[in-house]
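J.: Sequence:
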Amino acid sequence: MKNFTKIVSIVVLLALTITLVPAPTFAQDTACESDVIVQADDWLSKIADKVYGDVLAFPAIVDATNAIAATDDSYATIANPDIIEPGWKLCIPAGGEAVALLEVSSGTDWFAQAAQPYAGVTIRGISESTPPSNYSQEVLAAAFEKETGINVEFETTSWDQMYAKPIQDMEANTGIYDFIYIEQDIIYTYLAREFLTDLTQLLAENPELKAPSFDEAKFTSFIDNFRGDGGDLYGVPMEAFVKIMLYRKDLFENPEIQAAFEAEYGYPLAPATTHQQYRDNAAFFTKYGQENGLELWGTTVQGNTGHASSFYEFFETIAPSYGLYNWGIKDLGGSNYKACVASGGEMNSDLAKEALQFWVDMLQYAPPEATSSTWDEVAATFAAGRAAQGWVYGENAAWIATDATRSQVVGNVGVALPPTSEGVLDAAASGAGYIGYYDGGAFGIPYSSKNKEATLLWLQYIGQESVQPQWATAGSRIVMDSTFEDALVKAQDARTDNYYTLMKEQGPLFKGAPPFPFHPQAQTTAQTYIWQALTGDSTPSDALDQACAAVEEELGRLGYSQ
1 MKNFTKIVSI VVLLALTITL VPAPTFAQDT ACESDVIVQA DDWLSKIADK VYGDVLAFPA
61 IVDATNAIAA TDDSYATIAN PDIIEPGWKL CIPAGGEAVA LLEVSSGTDW FAQAAQPYAG
121 VTIRGISEST PPSNYSQEVL AAAFEKETGI NVEFETTSWD QMYAKPIQDM EANTGIYDFI
181 YIEQDIIYTY LAREFLTDLT QLLAENPELK APSFDEAKFT SFIDNFRGDG GDLYGVPMEA
241 FVKIMLYRKD LFENPEIQAA FEAEYGYPLA PATTHQQYRD NAAFFTKYGQ ENGLELWGTT
301 VQGNTGHASS FYEFFETIAP SYGLYNWGIK DLGGSNYKAC VASGGEMNSD LAKEALQFWV
361 DMLQYAPPEA TSSTWDEVAA TFAAGRAAQG WVYGENAAWI ATDATRSQVV GNVGVALPPT
421 SEGVLDAAAS GAGYIGYYDG GAFGIPYSSK NKEATLLWLQ YIGQESVQPQ WATAGSRIVM
481 DSTFEDALVK AQDARTDNYY TLMKEQGPLF KGAPPFPFHP QAQTTAQTYI WQALTGDSTP
541 SDALDQACAA VEEELGRLGY SQ
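The sequence shown begins at 1 in the numbering used here and counts up by one.
Mixed in with the good hints there might be a few duds.
Once the Cα atoms are required to be at most 25 Å apart in a straight line, the calculated SDA-like pairs of lysine to any residue come out as [said to hold, decoys possible]:
id: 1; residue 1: K89; residue 2: K146
id: 2; residue 1: K146; residue 2: K452
id: 3; residue 1: K89; residue 2: S34
id: 4; residue 1: K330; residue 2: K452
id: 5; residue 1: K353; residue 2: Q277
id: 6; residue 1: K287; residue 2: I257
id: 7; residue 1: K450; residue 2: T156
id: 8; residue 1: K490; residue 2: T77
id: 9; residue 1: K504; residue 2: D82
id: 10; residue 1: K165; residue 2: K490
id: 11; residue 1: K218; residue 2: E171
id: 12; residue 1: K504; residue 2: I257
id: 13; residue 1: K452; residue 2: Q277
id: 14; residue 1: K452; residue 2: P207
id: 15; residue 1: K218; residue 2: P508
id: 16; residue 1: K450; residue 2: Q116
id: 17; residue 1: K330; residue 2: A192
id: 18; residue 1: K146; residue 2: R193
id: 19; residue 1: K165; residue 2: Y188
id: 20; residue 1: K353; residue 2: G385
id: 21; residue 1: K330; residue 2: D542
id: 22; residue 1: K450; residue 2: W88
id: 23; residue 1: K287; residue 2: G385
id: 24; residue 1: K330; residue 2: G423
id: 25; residue 1: K353; residue 2: S372
id: 26; residue 1: K165; residue 2: P508
id: 27; residue 1: K210; residue 2: A114
id: 28; residue 1: K46; residue 2: W88
These are calculated hints, taken from the structure and not from any lab test.
Note that the coordinates shown come from a computational prediction; the quantities given were computed from them, not determined experimentally.
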């Protein structure tokens with residue numbers, strides 16, 4: 001927990017973003033510890049990092065400067081935190097006063113009392129190293145430890161290890177982990193294998209451990225992804241977000257670029273709503289980068305040829321945008337699943353082949369790292385300004401749009417729905433289809449855990465309404481409806497081109513992975529052929545013909561295809 005102090009101060013000072021909505025008394029009562037004169041190429045986050053060691057501490061500077069400017073016109077008035085000018089005089093308040101303003105806690109002594117029998121117990125967990133998980137590890141776990149006396153050993157690791165380690169633990173019943181990350185797409189496999197503890201039942205058996213501040217009704221409908229057939233809960237949601245299209249506003253809104261695009265293509269430059277428009281944008285900006293000596297390409301591609309991420313980008317992002325759903329695997333009834341067109345499936349349909357051809361074609365407009373890019377590298381590519389547009393997991397939206405120490409495109413990030421084929425958006429709006437991936441996960445308790453009761457307190461702690469807003473701004477994730485209305489989130493929404501508004505209003509157009517109990521087996525079987533299409537060792541058409549046949553063979557072996 002060595003980063004706790006730093007992360008808490010980030011959260012504290014991020015919370016001060018609400019001062020834009022109005023300013024609290026903190027700003028009026030705080031004197032300037034020092035002044036800073038803005039230099040060329042300065043960002044508020046860069047100044048905050050230098051002064052406080054926290055890039056997200058900038059709201060404290062905004063708040064204090066605006067408060068003092070009301071009575072001393074030698075200080076600047078900051079109307080937009082993304083825009084400051086050389087020569088402006090800024091007020092730097094004392095960091096200690098800001099940190100003391102807010103501390104993450106439950107706000108009640110209930111957890112401390114309920115945890116008394118478990119004081120000194122150590123619970124161990126594992127999750128993928130992502131912005132939401134890192135926040136829960138560095139901030140929430142430390143706050144929980146402080147309140148309860150229960151120790152939390154929290155491992156954040158790669159996506160591959162996040163799956164492999166707990167599965168090995170649960171298969172061997174060794175009880176290494178007390179809580180694990182359950183991604184929305186793996187829950188069905190875990191339930192089928194009886195890997196998880198029934199949280200509803202555990203709470204019923206231990207009513208004294210039911211936290212008054214934990215209410216399942218506060219969650220969005222995303223929580224239903226983690227229920228069993230009988231409605232019992234097996235995981236507490238900790239993240240949920242959609243995979244969106246990001247684009248460079250500084251490029252798309254540049255008048256000279258707009259004129260050049262329209263002269264070449266005969267219609268105005270705009271964020272793509274169709275695949276042809278996306279292709280035109282990709283080709284144009286790739287050429288623009290070449291002609292102007294820029295490290296700029298037209299699109300990202302999550303095309304790693306040795307990682308599952310490429311399978312997921314195609315089947316959960318590109319394919320549904322064409323109207324191909326559930327990976328093209330059809331349930332014909334009676335647990336009889338088919339993938340090939342000849343037997344009733346759609347994985348190698350003409351529509352699927354058109355979608356894969358489009359995506360593979362995008363490689364010519366993508367930076368050279370595309371075929372080694374997972375979701376992490378795609379986010380880094382866009383943040384580095386190397387792509388004009390791209391499909392990016394929403395959990396990365398906040399830092400790409402706001403953190404100038406990690407992102408070169410702060411202030412220039414546009415957020416939009418991904419492009420779709422004709423009729424797909426209408427089908428999604430009616431509930432007959434979906435346009436892309438609604439991702440997310442929960443923390444659950446393995447059946448093999450030796451500390452279920454202590455871990456149950458931890459899961460309820462992170463499931464409180466009070467801890468959600470800071471978590472949402474740090475990790476671009478929302479699992480409760482009320483979080484959308486929080487002033488802190490609304491302020492962050494404005495800095496991320498209304499990403500949170502898009503998730504709230506357009507989220508129902510997206511969908512999670514299909515409820516397949518054979519998810520990992522089908523994925524690992526099919527991904528080899530997607531890799532071959534990306535490397536050029538197979539045509540998209542042949543790749544899907546081979547993939548569907550291999551998947552059907554595997555489903556037959558598992559008893560899911562007759």
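J.: Compare the structure with each hint and give your call.
T.: Hints, one by one, checked against the model:
| no. | hint | result |
| --- | --- | --- |
| 1 | K89 / K146 | violated, 39 Å |
| 2 | K146 / K452 | holds, 19 Å |
| 3 | K89 / S34 | holds, 10 Å |
| 4 | K330 / K452 | violated, 38 Å |
| 5 | K353 / Q277 | holds, 19 Å |
| 6 | K287 / I257 | holds, 12 Å |
| 7 | K450 / T156 | holds, 21 Å |
| 8 | K490 / T77 | holds, 21 Å |
| 9 | K504 / D82 | holds, 24 Å |
| 10 | K165 / K490 | violated, 38 Å |
| 11 | K218 / E171 | violated, 33 Å |
| 12 | K504 / I257 | violated, 32 Å |
| 13 | K452 / Q277 | violated, 52 Å |
| 14 | K452 / P207 | holds, 14 Å |
| 15 | K218 / P508 | holds, 18 Å |
| 16 | K450 / Q116 | holds, 17 Å |
| 17 | K330 / A192 | holds, 19 Å |
| 18 | K146 / R193 | violated, 35 Å |
| 19 | K165 / Y188 | holds, 18 Å |
| 20 | K353 / G385 | violated, 31 Å |
| 21 | K330 / D542 | holds, 20 Å |
| 22 | K450 / W88 | violated, 58 Å |
| 23 | K287 / G385 | holds, 15 Å |
| 24 | K330 / G423 | holds, 21 Å |
| 25 | K353 / S372 | holds, 23 Å |
| 26 | K165 / P508 | violated, 33 Å |
| 27 | K210 / A114 | holds, 9 Å |
| 28 | K46 / W88 | holds, 15 Å |
The structure shown violates the earlier hints numbered 1, 4, 10, 11, 12, 13, 18, 20, 22, 26.
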